[in-house]
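These protein sequence lines map, in sequence, to chains A and B.
To convert, note that position 84 of the first sequence is 84 in the numbering used here; the numbers rise steadily by one, no gaps.
To convert, note that position 331 of the second sequence is 331 in the numbering used here; the numbers rise steadily by one, no gaps.
Just so you know, the hints here were simulated from the structure itself, not pulled from any lab data.
Owing to the predicted nature of the structure, the values given are computational and were not obtained by experimental measurement.
One or more hints might be untrue.
[Stated by the list, open to error] Short, incomplete list of chain A residues facing chain B, as computed with Cβ under 10 Å:
1. H13
2. L25
3. P26
4. N32
5. T54
6. L56
7. V60
8. A70
9. V128
10. L155
11. A164
12. L165
13. G166
14. G168
15. L170
[Stated by the list, open to error] Which residues of chain B face chain A? A partial, calculated answer using Cβ under 10 Å:
16. G19
17. Y117
18. A124
19. E139
20. S190
21. L191
22. A209
23. A266
24. P267
[Claimed, not checked] Ranges of calculated distance between the beta carbons of each label pair, as one might list FRET restraints:
25. B:L25 / A:L184: 22 to 28 Å
26. A:A10 / B:P225: 19 to 25 Å
27. B:L43 / A:R144: 27 to 33 Å
28. A:P137 / B:G154: 22 to 28 Å
29. B:L43 / A:G166: 18 to 24 Å
30. A:Q35 / B:L169: 51 to 57 Å
All C-beta atoms in this analysis are idealised placements derived from N, C-alpha and C, irrespective of residue type, glycine included.
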Amino acid sequence: MLAAAGLALALGHAILQLPQAAVSLPTQVAGNMGQSGVEHPVTAVLLNFRGYDTLLEVAVLLLAFFGVMALSQTQSMCPAEPAHALLQALARLLAPLMVLVAGYLLWIGAYAPGGAFQAGAVLAAAGVMLRLAGLLPAWAQPGRLLRTGLVAGLLVFVVVALIALGQGVLLQYPSSAAGTLILLIETGLALSIGLTLSGLYLCSMETRA
Amino acid sequence: MSSFFDPLPWLVMLPLVWGTIAFMLGAGRGARLAIVAIALQLLLALKLAGQMLEGGARSYAVGGWGAPLGIDLAADGLAAAMMLLTQAVALPLAVYARGYFAARPAGSALFWPITGYLLAALNALFLSADLFNIYVTLELLGLAAVGLVAIAGGKQPLAAAMRYLLATLLGSGAYLLGVALIYGAYGSVSLEVLHPLVAAEAPLAVMLAAVLMLLGLLLKTALFPFHFWLPPAHGGAPAPVSALLSALVVKASFYLVVRLWLELFAPLATPAAAQLIGLLGAAAILWGSWHALTQTRLKMLVAYSTVAQIGYLFLLFPLATPETAASAFQGGVMQAMAHGLAKAAMFAAAGSMIVATGRDDISHLGGVGVQLPLTLFTFGMAGVTLMGLPPSAGFSAKWLLLMAAVESGQWWWVMLMIGGGLLSAAYVFKVLRRAFLPVAEGDHVTPVPRVLEWSAFALALAAVVLGLYGEPLLQLLMVGRMA
Numbered sequence: 001m002l003a004a005a006g007l008a009l010a011l012g013h014a015i016l017q018l019p020q021a022a023v024s025l026p027t028q029v030a031g032n033m034g035q036s037g038v039e040h041p042v043t044a045v046l047l048n049f050r051g052y053d054t055l056l057e058v059a060v061l062l063l064a065f066f067g068v069m070a071l072s073q074t075q076s077m078c079p080a081e082p083a084h085a086l087l088q089a090l091a092r093l094l095a096p097l098m099v100l101v102a103g104y105l106l107w108i109g110a111y112a113p114g115g116a117f118q119a120g121a122v123l124a125a126a127g128v129m130l131r132l133a134g135l136l137p138a139w140a141q142p143g144r145l146l147r148t149g150l151v152a153g154l155l156v157f158v159v160v161a162l163i164a165l166g167q168g169v170l171l172q173y174p175s176s177a178a179g180t181l182i183l184l185i186e187t188g189l190a191l192s193i194g195l196t197l198s199g200l201y202l203c204s205m206e207t208r209a
Numbered sequence: 001m002s003s004f005f006d007p008l009p010w011l012v013m014l015p016l017v018w019g020t021i022a023f024m025l026g027a028g029r030g031a032r033l034a035i036v037a038i039a040l041q042l043l044l045a046l047k048l049a050g051q052m053l054e055g056g057a058r059s060y061a062v063g064g065w066g067a068p069l070g071i072d073l074a075a076d077g078l079a080a081a082m083m084l085l086t087q088a089v090a091l092p093l094a095v096y097a098r099g100y101f102a103a104r105p106a107g108s109a110l111f112w113p114i115t116g117y118l119l120a121a122l123n124a125l126f127l128s129a130d131l132f133n134i135y136v137t138l139e140l141l142g143l144a145a146v147g148l149v150a151i152a153g154g155k156q157p158l159a160a161a162m163r164y165l166l167a168t169l170l171g172s173g174a175y176l177l178g179v180a181l182i183y184g185a186y187g188s189v190s191l192e193v194l195h196p197l198v199a200a201e202a203p204l205a206v207m208l209a210a211v212l213m214l215l216g217l218l219l220k221t222a223l224f225p226f227h228f229w230l231p232p233a234h235g236g237a238p239a240p241v242s243a244l245l246s247a248l249v250v251k252a253s254f255y256l257v258v259r260l261w262l263e264l265f266a267p268l269a270t271p272a273a274a275q276l277i278g279l280l281g282a283a284a285i286l287w288g289s290w291h292a293l294t295q296t297r298l299k300m301l302v303a304y305s306t307v308a309q310i311g312y313l314f315l316l317f318p319l320a321t322p323e324t325a326a327s328a329f330q331g332g333v334m335q336a337m338a339h340g341l342a343k344a345a346m347f348a349a350a351g352s353m354i355v356a357t358g359r360d361d362i363s364h365l366g367g368v369g370v371q372l373p374l375t376l377f378t379f380g381m382a383g384v385t386l387m388g389l390p391p392s393a394g395f396s397a398k399w400l401l402l403m404a405a406v407e408s409g410q411w412w413w414v415m416l417m418i419g420g421g422l423l424s425a426a427y428v429f430k431v432l433r434r435a436f437l438p439v440a441e442g443d444h445v446t447p448v449p450r451v452l453e454w455s456a457f458a459l460a461l462a463a464v465v466l467g468l469y470g471e472p473l474l475q476l477l478m479v480g481r482m483a
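Bound conformation, chain A alone (with noise of 0.2 Å):
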């Protein structure tokens, strides 16, 4: 408690006398956008400028799938218990509405706050509610289909990284090309966090039941 309390006192401390940066990085990130081939800064940065880190950043996602698919103990597919009727009834209906939803983010993550990050996390939501209302099955083991869409952003990412390097670098898209090669790897990323963030709940329900 002590300790905390006295890293809080150094922190505020600290950063109430912080100096004014030497570098500005949002000013460079503005004088770069024109080479982007998008129009967000944030989409700029998390899949042009720093996309190397973004492309980490999938595989953490996937490991941390690894790691709950590692503890699961089921073998194989667990039959979905049936729900309200109702339920059910709105389930259907909104699921594919959020799958729009999901689209409508990627797409507009190009000019605006959204992306394949946010477009997952809608399309992980639907997946979770499909399978309260007993519509999907629950998978511990997932089969070879489902095993390619939970890599196949990763590995889109993969291709156009190394397909830059034979032109040169790792991950340095053609400037004119940049804007179609984001929004492939966005559409891959989507589809397989969707699946990923699904899987940590769908994969962990028989453990806790």
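Fit chain B to the given chain A structure using the hints.
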């Protein structure tokens, strides 16, 4: 240099790709793919080291932006040496793991994908020249290591994995807090940009950042008194996992401590702080060796020996006075290499003995000396490296450190190193003595697949060969470093 076959980006991308493919192939698959790919990685690391011996240190702007807008990778002699160690340890261990999981399938389902990501994380960490990117690689490494501890299932490994997860997350959290403070103070996270900016008269935020990042990394390296999570995690995992974790994963955070202490935060480091961290190292040597001596389980003994050997690594800091900086640095890194190879060999040999006797118990090792002479020889040879006897790399490391201690007039570290060597001899002989006894009544020792014995032997042999022919490595270490 920018070409498709540049080893630098491939050292990160190749393990990421084969790990992903191994996952797509399905549970337990991908062993052969992994072995071929790691052999390729070893060639890439050798090629990179060769390029650097001729052309000097390298830097690589990912995405072509360049720091501070983009992320830079950088390879100097230290990074190249650590990557050589990583692939050189991983290749025999992959061969070993394939045989081991054929005999004991528990935990094999996700071993290959997670190991691929672990190796990608290690190479990415060694190459990174960006404080935030280093944080991402630390997360990747930490989650992979925790995942590997958890794959065996069962109550005890799970508890160990949970404790490890909390320790490693706390460590990354402290590190990230430090990165945020640095970014607040200077507006960049690129090591190259930050290096000229950090001065002895740094603002309070930077001092605080240095302390937080250091503490976080010490927790991840399991330096005494932050070692509490290590023995259950390393001692409870399947043998190939224990070997990977003890040989490589703790070295990664040690590598970052060296980088930050000797480079970025060098203007802030005081001799008193160096002595303090050396004292923690001394405590680790004594505490770890003592606990290794009192263990009844073989793998726990080897795990506590790791706690002790980590202590030697940190003698680098008090010994690196301005006159002895080069030999202390070379000795500390040589110790990391020697321990990496020898500890991987020791855990692999211990795993074979456990497979042969069917239990993890030192008092039931009787008969191993007759049935598995090569494995016992491997264990002894790895022990020679840990004790620091010639002609092993452990001897070269201790010799360099002793020279630094004598030249800088710090005789107390000399006594510590000699005493520590005697303690390691004591716990190694404790195992050897038992193994030479005849089989006890009711016990039985079954033979193990040849591949388990020979892959472990290759690791122990590498530690000795490195001691005999260490000169090119010492030369490589000084690439990109002001002597």
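If you take the shortest Cβ to Cβ gap from B:Y117 to chain A, is it below 10 Å?
-> holds (6 Å)
Is the shortest C-beta separation between A:A70 and chain B less than 10 Å?
-> holds (5 Å)
Can we keep the A:P26 interface hint, with Cβ of chain B closer than 10 Å?
-> holds (9 Å)
Are B:E139 and chain A close enough, Cβ to Cβ, to be under 10 Å, as the hint says?
-> holds (5 Å)
Does the CB of A:L25 sit less than 10 Å away from some CB of chain B?
-> holds (6 Å)
Satisfaction of the A:G168 interface hint, Cβ to chain B closer than 10 Å = holds (5 Å)
Satisfaction of the B:L191 interface hint, Cβ to chain A closer than 10 Å = violated (13 Å)
Status of the A:T54 interface restraint (C-beta, 10 Å, chain B) | At about 9 Å, which falls below the 10 Å cut-off, the nearest Cβ of chain B leaves the hint on A:T54 intact, so it holds.
Interface hint status, A:L165 versus chain B (Cβ within 10 Å) = Hint on A:L165: holds, closest Cβ of chain B at ~6 Å, below 10 Å.
For B:L43 and A:G166, compare the CB-CB distance with the range 18 to 24 Å and indicate the outcome.
-> holds (20 Å)
Indicate whether the distance between the beta carbons of A:P137 and B:G154 respects the range 22 to 28 Å.
-> Since the Cβ atoms of A:P137 and B:G154 sit about 27 Å apart, the hinted range of 22 to 28 Å holds.
CB of B:L43 to CB of A:R144, is that within 27 to 33 Å?
-> holds (31 Å)
Checked against the numbered hints given earlier, this structure breaks hints 9, 21, 23, 24, 30; the rest are met.
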